[in-house]
Each structure stands twice: as C-alpha cells, then as structure tokens.
Amino acid sequence: MTTLSDPPRESFRLSMLVNDTRYRSYTFQFIALVCVAALFAYLGSNLVANLRAAGLNISYDFLGDPSGYDINQTLIDYTSQSSHLRASIAGLLNTLLVSILACITATIIGVAAGVLRLSNNWLVSKLMAVYVEMFRNVPVLIWIIIIFTIMTAVAPAPSAFRGDDPDASMLFGMFAFTNRGVYIPKPLFEPLGWVVLGVFLISIVGAILYRRYATKVLYDEGRLLPTTWPTVAIVLVPAILAYFILGRPIALEIPELGGFNFSGGITLLGSLIALWFALAIYTGAFIAENVRAGIQSVSRGQTEAAAALGLRPRRIMNLVVLPQALRVIVPPLISHYLNITKNSSLAIAVGYMDLTGTLGGITLNQTGRAIETILLLMLFYLLISLSISAIMNVYNNAVRLKER
Amino acid sequence: MSDMHEHSVGWSRDTLIDEQPAPAAERGVVRWMRANLFSTIPNALLTLVALWCLYQLIAGVLPWLANGIWDAPSLSACREILQGATGGCFAVLTERWNQLLFGFQYPSELYWRPATAFILLFVALAPVLFYKVFPRSMLIFTAIYPFLAYWLIWGGSILTPVCAALGFVAGYLVYSRFITQSFAIGFFGGIAAALVFWWLTGFFNFTGILALEPVDSRNMGGFMLNLILGTVCVSLSIPIGIALALGRQSNMPIIKWICVIFIEFVRGVPLITLLFVANVVLAYFLPPGSNFDLILRVIIMITMFASAYIAEVIRGGLAALPKGQYEAADSLGLDYPQAIRLVILPQALKISIPGIVNVAVGLFKDTTLVSIISMFDLVGMIRGPILASTEWNGVYWELLSFAALLFFVTCYGISQYSQWLERQLNTDRR
Amino acid sequence: QTLSDVQDRGTLNCGVTTGLVGFAAPDADGEWSGFDVAVCRAVAAAVLEDQNAIEFVPTTGKTRFTALASGEIDMLARNTTWTFSRDVDLKFEFTGINYYDGQGFMIPKSLGVSSARELAGATVCIQTGTTTELNLADYFRRNNMDYEPVPIETNAEAQQQYLAGACDVYTTDASGLAATRAAFETPSDHVILPEIISKEPLGPLVRHGDNDWGDVVRWTLNALIAAEEYGITSANIDELKAGTESPEINRILGTEGNLGEMLGLDAEWAYRAIKANGNYGEIFAKNIGESTPIGLSRGLNAQWTDGGLLYAPPFR
Amino acid sequence: MADTAVETSKPAQMQVSDEVAIQISNMNKWFGTFHVLRDIDLTVYRGERIVIAGPSGSGKSTLIRCINALEEHQRGRIEVDGTVLSSDIKNIDTIRSEVGMVFQHFNLFPHLTILENCTLAPIWVRKIPKHEADKTAMHFLEKVKIPEQADKYPGQLSGGQQQRVAIARSLCMRPRIMLFDEPTSALDPEMIKEVLDTMVELAEEGMTMICVTHEMGFARQVANRVIFMDQGQIVEQNEPEEFFNNPQNPRTKLFLSQILGH
Amino acid sequence: MADTAVETSKPAQMQVSDEVAIQISNMNKWFGTFHVLRDIDLTVYRGERIVIAGPSGSGKSTLIRCINALEEHQRGRIEVDGTVLSSDIKNIDTIRSEVGMVFQHFNLFPHLTILENCTLAPIWVRKIPKHEADKTAMHFLEKVKIPEQADKYPGQLSGGQQQRVAIARSLCMRPRIMLFDEPTSALDPEMIKEVLDTMVELAEEGMTMICVTHEMGFARQVANRVIFMDQGQIVEQNEPEEFFNNPQNPRTKLFLSQILGH
Ligand SMILES: Nc1ncnc2c1ncn2[C@@H]1O[C@H](COP(=O)(O)OP(=O)(O)OP(=O)(O)O)[C@@H](O)[C@H]1O
Ligand SMILES: Nc1ncnc2c1ncn2[C@@H]1O[C@H](COP(=O)(O)OP(=O)(O)OP(=O)(O)O)[C@@H](O)[C@H]1O
Ligand SMILES: [Mg+2]
Ligand SMILES: [Mg+2]
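Residue numbers (the numbering used here), protein chains in the order written: chain A, 1 to 404; chain B, 1001 to 1430; chain C, 2001 to 2316; chain D, 3001 to 3262; chain E, 4001 to 4262.
Simulated from the structure, these hints should not be mistaken for laboratory data. Heads up, some of the hints might be wrong.
[Claimed, not checked] Distance condition first, Cα-Cα at most 20 Å in a straight line; then the derived EDC-like pairs of lysine to aspartate or glutamate:
hint	chain 1	residue 1	chain 2	residue 2
1	E	K4090	B	D1335
2	D	K3135	D	E3116
3	D	K3090	A	D220
4	E	K4090	B	E1327
Construct the entire structure; sequences and hints are all you get.
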C-alpha cells in the first residue's frame, strides 16, 4: 500500500476532539463519564457530610448481630437469636415461596381465563372479559388489601370452631379455613413412608416415559396407545399398592384446635394466602390477555388446514396451535413472573414476612441502618430479576433456533 | 338439476333464486342461544356454571348496594338504621368524600382550586390525545397548563409560575435563535438562558402579588395525590426516557452502558424499594441543610422508575424505524441532533404512544404504593385516618370498592383510549 | 443551629406518629391533636410565639429516625422508647421523658385469659417498627412459650386484625393499648392484662450534637412538668404572670431572672408554652386522662410528690 | 394471468367414470340471516376436474368448504364417496380423510419442517408408522419437485414452493378427491406456473378435483366442466370450450368479459 | 426489464469537462475481517454519467456509500469536488451537501409532507428561509412532474412517485453530484420508466451522476462509462456500447449473459 494516496497524517489538533469523527465519540463519552462521576461524587460527598454531621457510619456489621425478633413462617430454622442475615434469608425464601406459588397459580388462572375468553360460549367469554378488565385496571395493592380483608373479616376465627355446636366446621374434618390462615393435614413419614414417596416419584417418571413410549410406538408401528388412563394408573397404582403393602407408613397429622389456635398440620398463613391469591388473580388477568393474543396469533387457517387433514380438535390444539402459540406467549409470561416477584414486595401491606418485611422492615426498624439495608434489599431483588431475565433469554434463544 | 346427469351438456339458469329466510333454527334468540350458549354439552354445563356464579355474585352484591345507607354519621349509626339487614354503609363516602379526594389536610375552602385544575387537565390533554380533532393552537394552553395547575394547586403568587414559564420561554427563544447554527449551542444556550433568568428572578420577592393562599405539598392527599403523582411523573419521565432510549441505542459504549445499567437496575427492583429510598435514604444524598419534602423526593424516584420503563418502550419505537431513515437524513447533510429531532423522534414517538400510555396506566396504579411510606393518598387515607377513626372503624367494603371503582374508571378509560389510538395508528400507516 | 433555622423558617417541623388516638391523630378537619402533639405545640409556642406554626410530619416506625437524622423534622415527638442504642449508636438525644410506659397485652374477655403467662400458643398482633417485637420475643423466650407473631404496619390495621379475631392478642405500649381500646365499639369486651413486660420511657428526641436546641426542647418539657408541680395552669397563668411570691414560678414565667435569655429565647417562652395547652397535668387530662375515652390513670406518670416518677429539675 | 398455464391439448388419460364421487342436492346455507348458498345441486363423477368461477363473494369458497365440513350447511344433502355428511363426528372424519384441501394461503405449519408438515396427519390420523410416512412424503415431495427442501421450514421457502408443499401434504393422506380454493391467487406471477403445472400433473393422473380459480388457461386445459356461481347459486355450467366461447347467461358473459378483458 | 428505458440517441448537450469531480484512489474497505472493497481507483469528471453494474454482493452499494461517507473507508483516498474525505466532521458535511443520494427504498420521511420532505434539509442545513426553500422545492417537484402532490404524505404516493420525490428532495440541496443506488429495483415495472425518464432528464442537464443499476437500456442511453464490479473490485470499465457488445473479462461476459438473457 503506498502511503502517498492515504490522507496525510495530520498532527493532532485540539479542535479535532469535537470535529473529528474518530475522536468526537471519545470526547462525548469522556464528558458523559465525567458527568456521571461528578454526580456520584456529589451524592457521595453529601452522604459523607450528612453522615458525619449525624455521627453515623456505614457498616454491615449489624448483619451478624442477633435479630431479636420472631418470624411467623420460615422455611429454614430461625429463632429470635439468629442473626439479621439469617432473618433476611428467611425473608428471601418467603419471597421466593410466595412468588413461585403465585406464578404457578397465575399461569393456571391466566391460561384458563385466556382460553375461556376465546370460547364460543358467549356468556363465559364475556365473564372472562369482565374479569380481565376488572383486575387489570385496579391497582394490585387494592386487590391485596381486599383479599386480605376477605381473609380476615369474612373467614371465621378459630374460636368459631370451638364448642359443641360450632359456627364453623372443618372441611372433611381435615381442613380448617380460618381468618388466620388455612390449616391442612400434614403427612407424617415413617421410614417406610419415604419409600412410598419414592415409588410415587418414580411412577411419575414412569408415566412420562410411558407417554414418550406411546409416541414412539405411534411413530414406529403406527399404533396409537391410550394415554390418559394408563398415565393415571401408572402414577397412582404403584404408590397406593406400596402404601398398603408397607403397612400404611404415612400418617396424616390433622390440625386440631388447641388452646388458642389450631395446632399440628401445615399452616398456610392468611397473609401468605392473601398475597398469593391477589398476585395470582391480578397477574392472571394480564396472562389471560397474553394467552388470548398468543392463540389468536395462530391464524384460523392453521386450524382449518389441520381440520381438513382430518385431525381432531384436541390434536389440533396439541400439535398445531399450542406449539405456535407458546412462542408468542412465553416471553411476556416470563416478564409477568418478574412482575409477580417484584410485586410480592407489597407483602408489607399484609404483614407477610418476606424480604421487604424482614430486611427492609423490622431489621431496618431495629437497627436504624437505612442505607445499608435498603441497598442490600435492592441487591437481592436485582439478583432475582437478573436470574429470571437470564432464563428468559436462554428460552428465547432456544426457541429462535428451532424456528430457523 | 338432477336432469343434467349427462354432464357434458351445458346448462344455464334463467331465473335467479331469491334470498330466503334462514330456517327457524338459524334465526333469532333460539339460534343465538344454541350457538352461543348451548352448542355442546360441556358448553351448556359451562353456561350453567357461569350463570350460577353470576347469580351468586348479583345476589350477594345487589342487596348490599340497594339497601345502602348514604346518610349516617358513623358505622354504628348505619347498623342501627339497617337493623341487621344487609346493606352497605356508603355514608362513609358522603361523609368523608372530600378527604377521599383531597386528603385531610388540604384547606376545605380551597377545594375548588384542585377541582378546576383537574377539569382543565382535560382541556390541556385533549389536543395531545386527539390531535386530529382539536386545533393545534390549543397546544398553547397545554404548554401553559403545568404552570397554571401548579398555581392553582399549590397557590402562592402567580408570578412564581409565570417566572418559571418565562424562564422556559427565554430558554426556548435562545434555543430557537441558535438551533439552526448548532444543536449544542442552542441546547446549552437555552438551558443557560433559562437558568440565568430564574436566578435573576430569584432576587425578587413575589409574596402577595396576585397570590392565592399557599398550600404545602405535605397537605396534598387523597385521589388528588395519585393524580398529581401520576401526571407529573409521567410527563417528566418522557423526556428522560427519550434521552435514555437514545443513549441505549448509541454506539458509544460508555454512554450506552451507563444507560443500560440505569435502566436494568431500575427495572430490576420493585418500586417499593425505590420509595423506601425516597423515604429514608435519599435525604442522606442531598446536600446538607437542603430540605426536599417527601412528595418531591417521591416524585424524583417515581420519575426515575417510570423513565426506565418508558425508555424501553421508546427503544422499541426507535428499533422499529428502518435504517434507511437514518441514512437518508445523513445523506441530506443533517447532523445527529437534527436527524433525531426532525426525522427519527417524531416517527419513533408516534409508534411508541400506545406503549407509553400502557406504562402510564401501570404507573398511575402504582402511585397507590406511596400509602406504604405513610403518604395519605386514596389508599393511604382509607387505610389510615378513615379506618382508624372511631366512627368508621370497620367499613372496609364500601371504601375499598370505592377506591377500586375510581381506579377502574380512570385506568379503563385510558386503556380504551390507547386501544383506540392503536387502531387509529394502524390504519394511518396504510 | 436548629433553633435559628426554626426561627428563620417560622414553622417547627415536628415528627409525630401516623395516627394514634390520644397521642397524635388528625381529626376530621385534619387538625392534629393529642398528648405528643401538645409537646410540639408547647415548643412551637415557646420558640415561635405561635403554637400553630407547626408542620406535622407523620412518620412510621421505619421513617422516623431518618426523618430526624436528615433534618426533615426538627424534633420527634412520637411514642419512641429511650434506649441505649438509639441514644448512643443512632446519635440521637432524648430530651426527657413525657410518658412512662411499658408493653402490655390486650385480649378479648371471651377468651378468659387473665395473665400473660397463659398466652402460650397464642397469635399475637404486633405493630412493627418499635421495640415491641424485641420485648415480645424476649418475654416469650424467657417464659418458654410459643407464639405466632403477626407483624402489622399501622395501628389501624392491627386494630382491624385484632377485632376480626385474626389474632388473639394485641400487644403494644400500654398507653397505645388503652388508646386503641378506647376506639372500639365496646371497649369493655377487651381486657388489658396486668403484666407489663418492658420499660418504655417515651420522650421527645432531637439530633445529637445540637445542644442548644436540645436544651430548648428539654426545658420546655420540664416547664410543663414543673408548672403542674407548682400549680401553674392555663387558667391562672395570667394572674401568676403579674408576679407571685414564689421565685421559682417567677423564674419560670420570666418575671424574674433571665432563663429565657440563656436559652436564646425571650423571657416569656415558658409562659407561652404553658399557656398553649396548659401544664402537663392538663395536657394529660385533656388527651388521655381518665375522663377521656382512653382513660389512662396517671400511674407512674404522676408527680413525684404524688408518688409518680415525674420530677422536673429545678429552674434556676 | 390467463395464459400462464401450459396450453397443450387435454391429456389422453383424463377419463371420467360413471361412479359418483360427490353428490350435492338442494343444499342451502346461511351465515346468520345471509343466504350464502341457495339450492345447490351438483354431481361430481369420479375423475372429473371441475373448475368453479364467479365473482368475489358469490359463495365459491363456502361451497367447497361445505364439502369437507369446514362449514356446516343447514339444509340439503351432501354425499361424498357414499358417505352422507351429517353432524356425526365419525362421518366428518371419514369424509375429511377422503378429501384433501389446498388453501389460498397455503396454511403450512410454520413450526414444523416440510417433511413433518407432510407426515403429521398420516401419522396421527392414518396411524402410519413414521418411516413409512416419511417415505410417502418424500415420494410426493419429489412429485411436486422439492424433495431437497424436506428439512427446511416453511418460512424459508418461496410462495410457489410453499403451495406445492401444501399440495404434497394433502396428497400424503391419499385422498380420492382434491379441493383447491384459489391456490394461485396469493402467488407472484412467476410462481403461478409451477403450482399450476403440479395441478395439471395431478389431473392427468385422474384425481377428482374441484378447483376454485380464475386461471382460465388452466380451466381450458384441464377442466371437463366449468361452473359459474353468482349470488350463492350455480348460474351456468358447461364444458370449458363452450363456456368460454359461448356463454349463455348474461352474468357469465359480463364476468368473462371482465376477467379475460385485461 | 432491460428495455424499459427510452431508447433514443444520446442527448447532444451531454458534455464531459476535464474537471475532476470525484477522485478515488487505492481505496480499501473492510467489514470486520471481510474485505468488501479492494484497491478501488476511479476518477469521475464533471458531467460524467457512470453506471456501475455487477452481481449482488460485489460491493457496488458500499462503494457509492463510501463516497458520501455513509460508510467509512479504512484505507485510500476519496476526494470529492476538491475536498478530501477525512474523518473531520466539517469535511463530511461539505461533501454531503455537494453530493445527493437516492436510495433503492426511497427513504422518504413518512411523517412529513412531500413539500416538507424537500425543504427539510435546505432549511436546516443550508439555512435557507422557508419561503425560498418552498419555491425551490416546488421548482424541482415540477421538474419531476408531481407538483400537485406537494401536500400529500409519502404513504399516499405510488412507488414511482415516491422515488421521484426522493430525487427532487436530493436536488433541492443543489448537489453537484448525484449518486443513485438501484433507484428502480424496488419498483413495479410500470413505474420504472417514469423514474428513469427523470434521471435521463437530469443527465441531459449535465449533472454528474453515478448510478448503480441493472437497467441496461438506461446505461446504453445515458452513461458515458459503465463500470463492472465483482468481489469488491472494479473488473472492467468501458463505454457502454463497447461494454455491452464486446465485454473483455469472462466475468463480465457471464454477468451480461445472465442479466440480458431473460
Ligand atoms: N364466516 C362467515 N360469516 C359470515 N359471512 C361470511 C363468512 N364467510 C363468508 N361469508 C360471506 O359469504 C359470502 C360468500 O363468501 P365466499 O368466501 O364463499 O365467497 P367467494 O366466492 O369465495 O369469494 P372470493 O372470490 O372473494 O373468495 C361473502 O359475502 C362473505 O362475505
Ligand atoms: N453493514 C455491513 N456489515 C457487514 N457486511 C456488510 C454490510 N453491508 C454490506 N455487507 C457485505 O458487503 C458485501 C457488499 O455489499 P453491497 O451491499 O455493497 O453489495 P451490492 O453490490 O450493492 O449488492 P446488491 O446488488 O445486492 O445491492 C456483501 O457481501 C454484504 O454482505
Ligand atoms: Mg374465496
Ligand atoms: Mg446494493
């Protein structure tokens, strides 16, 4: 390459910082960086000045101190002597618990409502439209409070179960719906009980394998094996057999009315239920819209073509419509899951001890370390959100690969 | 036609068959019912279940509504009037109507001011929302509205908002004087001019000149607070959102990453944590001795929150524009600010409007979260002072349904508008 | 320098609770009143010569300390317990005690419980954001009992939960229990158990390191207490102002000595503070005393001369 | 458009038997109160190639959609291959597996490969083992001349190729009757020919076909009867030559002048 | 396609001066590691009309986009009208206002009326008062024969009209050189002629033009040089007659046989 024809290497002039495309982007980035740095420096210096004026410091030492308060529902061992960090983790797990429960329920509600909204039953589809519009357009906080109020003000208090002629009675003698929560029987496993559980889990795997096998048989031999009943049978029969053969090793601990309260069994707190259902129903309305849009995005021609090929409606749904609709439905679905997780922070309105209730609530109150706790709180939520988005990206990429 | 089984023979119809009415089973209520309610057995069952649900709902709600008491001083008085019958105690709404709408601290003799501001809001929004129907000249009022509304709601001398507005005008004049030369000169010159103007007017003392009685922002409450937060934050967040979206699209990595981190951070945390920041942390980051009141800090945080979401919507709009638009602008010699301002943004914003409206609705609903940080918005009023008062302790349903209804009407209205707009834009685009 | 800030501003920013009948609650017109509010008003009257020149800033358990630390409020007159760590670690200054309280339990009569020792297994509603949770956890642990805490953000909601039977017991400061019970439709259906499980000295607090301002608040409170001791009431104060035999009263009311000047105020500061809502006894009686629905007896909060703990240091 | 199809003389082996393939008598259909099909009488013999023409909205699509029960008719009788169409789901299934249909917009399944598109119905409806279904599918894909695209997805093919896949997909069910609803009207001109060629080939093999189309060249070459519909009724039918050269009904004349005019 | 342009003899006033309009020497460009343009040397004199042809992906578009700095080149020198293209923003601006460009997909601004499309750049870049800019714009719109559409929006115009507006829009900046990147390839056949006519007219007025196109009729009629590119290099250049009748390079021959063949 002869250098002759190249533009002469000009010596660097200051004006080139603004005028030369090669440098001007550096100039702007530098300015932006300086601005941001200045902003942070300004905020930081204010912080330092304010803290010094108030004689405070920033320190996370308090996380190791005993928290001193109790939490009514924890998934891990926790007492009032555990550290604040452990309290936060208990809260985090509670956040995850209610989010997962709400995600599952919201999906079920949303899919049902979305499908029903497309049903050719006028009444049902109109009812679902009302449901969707009603829940979408009212703040979730109001729904949480309303459902919590239903829980506390409408359901009977445990004392109503007392006496010879109680005002309320347990469902099947096992389930108690009270305004403190729902009490359900808890399975007690003897050692052999775990075997039964194992058998049950294996049967589920077996059922899945069976369905795979059925498809394979269809593909290989052209025989269509029945699937519905065999699946039910495979899942249930071995477990039931094992249960009786091993001498009924699983007992149920049925909740009983004790001094003040039901004891035994599993307790689902009223606040958990309220938050769970409010989030599920509220988000379900949004999901319903997505499901509807997804199914509608599969053109009528697809269904007709499949019908013209002789496929039955259920198969059309499974083989043609759903695979296509899912691609449209899943990405917004996941962002709704994200919203559920974020909205679960409203637990504070009903006293459910999630992350915001423990770390951002009582710990903050007790230690007065506002900056530290809130930073940590945001960090936790950010972590959850980022992991969910990461999953979303993986899924999107997987689907996109299949498409082309 | 069975006579034509010799199919090589041509055949032609002489007289056309007239349209005939559909068979009875195909017409009227019966057919409609059969097709829409009872087409199959499961469908019929579904209908019955739906009818049953509907009946239960109506049977539950109707007497409550119909027997409602609209005039009583307290819950116990209500119960006395009802004598054990089902019925709502809507008296709480009539009794505390003003508190629900304006909060309990806004001076009652001044209610007309926010009310006027509220009505004028529609006048101001009309030319924006229905830009085809209303003359463009009405946009002048839209531009004046924020200052007018500020004056009406917060009171004080009219010169304060007038000066603020004049500052903008000064800035704009400088901007439009220099914009043809260079965007940077125009933009920063405009800002500088406005700042200088405000700084100068800061030396005057306006108290008492054409003044309305001032009201502190601490005293805002009720549904008014939701509306103020909603409108203010959404309008402030649009320009910020645009800047963030442009930044995120930029090919300068540092600027891009600054925007990405900001957007993803804000979108990754719940609004409530940002409100906590406003409530308990932000004060530490402000210069010592400065005194931002809570409403202002909340506005800052909600605006940040909304702008991240709006930035994502606008980014979608920008991405939807074909690259050719940028290239055409470039090849005509427009520089970057000009291309963005004259070519790209007008189109991108138009595409983004429905998305922005959706964000706005979501945000408006989220303004109720301020009740958690002890601000007395509509929900805060209900949860706090009203339910805590001796007279109305226990009237949940009436109050909560009222709040739900109020939000429903507003949000449903806005989202219907957005859908209408979306259809409008779709047909526009041919 | 807070003093001069307040004087320049012309209003006092006083942090109060978001609503606890008798202590601080807005009435239907948005006018704040209550026992804590009266302290704010006394300070405002002393400093600004106008007991209404106050901005009341409602705070929750979570926000109160930040609000004070960041200067959003000048003083916090909210049922805040004086504890070591709050005083030392969080860098606040408690300027005295206006109410000697202790945590107690309230329970429906129908449950037939007469002692807190019988509460094993109970569901307990707590208003979060105070020392209540810690006391409760300690108490039950000490007595080896189980319980289920139901944390609730505001008093109004706690009340709602308790009344609906979602919890068996409601616990908070005894004064708060009384105030809450007073708001019930049939207060007599509920009993406050005799056990008091903690010491809860409540008092106004200010920021650390601003001793001038701290002195103003402290001595305003002391003036109210002393006024009761010396029999200065809002009724006779104008009379006494004309001059009395008692040098102490004269010094308080500014007719003698220059106490006001030492505080950086004028001579009539205490006169105005007392005039605003009366002396401590009057304030107590008007807001939470036995004649009010809340019906608290003086108990520990009686003057030392009456066997209580109130004891104002001498004004000299 | 009219001359894109290959203009050769009619293939020799196109013979019409006396066996009835489809018999429609006195069929009426309403959409709500709108009378779309009025007193349709039509007998199609095995091996016949029928072209249906007519102005837009005249009910052509509705008619052929009634034949494989994609639309319900309200009055009259449709008999396909000896099976009377009733609301019995078994009958509908029988008929649908006898009758293939090709749509204007291809309606391929975008989430399946070409091969999977072709084998889906044979496997799930006819219960043919996959490897056999694959073989059949490849056979028909070869017939429509795109065996090499078997593993691509529909979105990667041109319109003409997609339509040919759609034809192959129908053929994989080995139908005795094929219905075409304007199979070329969504295609670019270059692609029309390749699709028509495929259809001509099919006709030459003696497939019974009913085809809604405005490709008059195709009609001339392949059809042994052209049916003209207007306002939901069959207005005229005739052999193609007669139909084009000597239309009887004024409406037919008008229509032909429009369609051949440009 | 090749014969849509008007086939008349070359206009008399098409003269080429000796002044150099564009000088490209030894220019190279990479996209990442892909070497798109290799050692391009090209001198265009004032008044010349150059047609660039070549297979898809040969770098034709990239070449002319380099000329007005829509793409950056990495090595070599481009001089337009005496200004050397460097990364200095002033130079780029000068060159862009000297050089007009017309794209394949018109790229009109859909939110502005035709008139506003044409006046936007003059007002904001050239700082011409609006009324004057309007006048100029109407002048050029008349020239491309659509003054009556001035107040419509681009979406309301046909493709050919839109492309003519795009030409007018470029002309309003009074460029001394015009670049065309396949201006007719997105148009329906009927509309190609109207656009080519406009371009011919422009050529007749002596505008320096570089035009990427496959319209060989146009090339024959208007161009005084045809350049053939392949694989990022200029493979052959010649006068149109020579180029078409007597191509030297085997690749050119292949290309011409393909493009003229159908
Ligand atoms: N699902 C439906 N509901 C109501 N009316 C319908 C429906 N489908 C078709 N129609 C009406 O029935 C009439 C006949 O429709 P059809 O599609 O059979 O016409 P066509 O002859 O195929 O027209 P084209 O050439 O446009 O396809 C039209 O007027 C149409 O509007
Ligand atoms: N922005 C880009 N980034 C990477 N590669 C590019 C880019 N633009 C074009 N290319 C590649 O550079 C080569 C030349 O592209 P160019 O558009 O100049 O070809 P062309 O001759 O104009 O072809 P066509 O006739 O299809 O327009 C092509 O292989 C193309 O894939
Ligand atoms: Mg049709
Ligand atoms: Mg190109």
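Status of each hint after checking the structure:
1. E/K4090 / B/D1335: 11 Å, holds
2. D/K3135 / D/E3116: 12 Å, holds
3. D/K3090 / A/D220: 26 Å, violated
4. E/K4090 / B/E1327: With a Cα-Cα distance of about 18 Å, the restraint between E/K4090 and B/E1327 holds, given a limit of 20 Å.
Hint 3 from the earlier list is the only one contradicted by this structure; the remaining hints agree with it.
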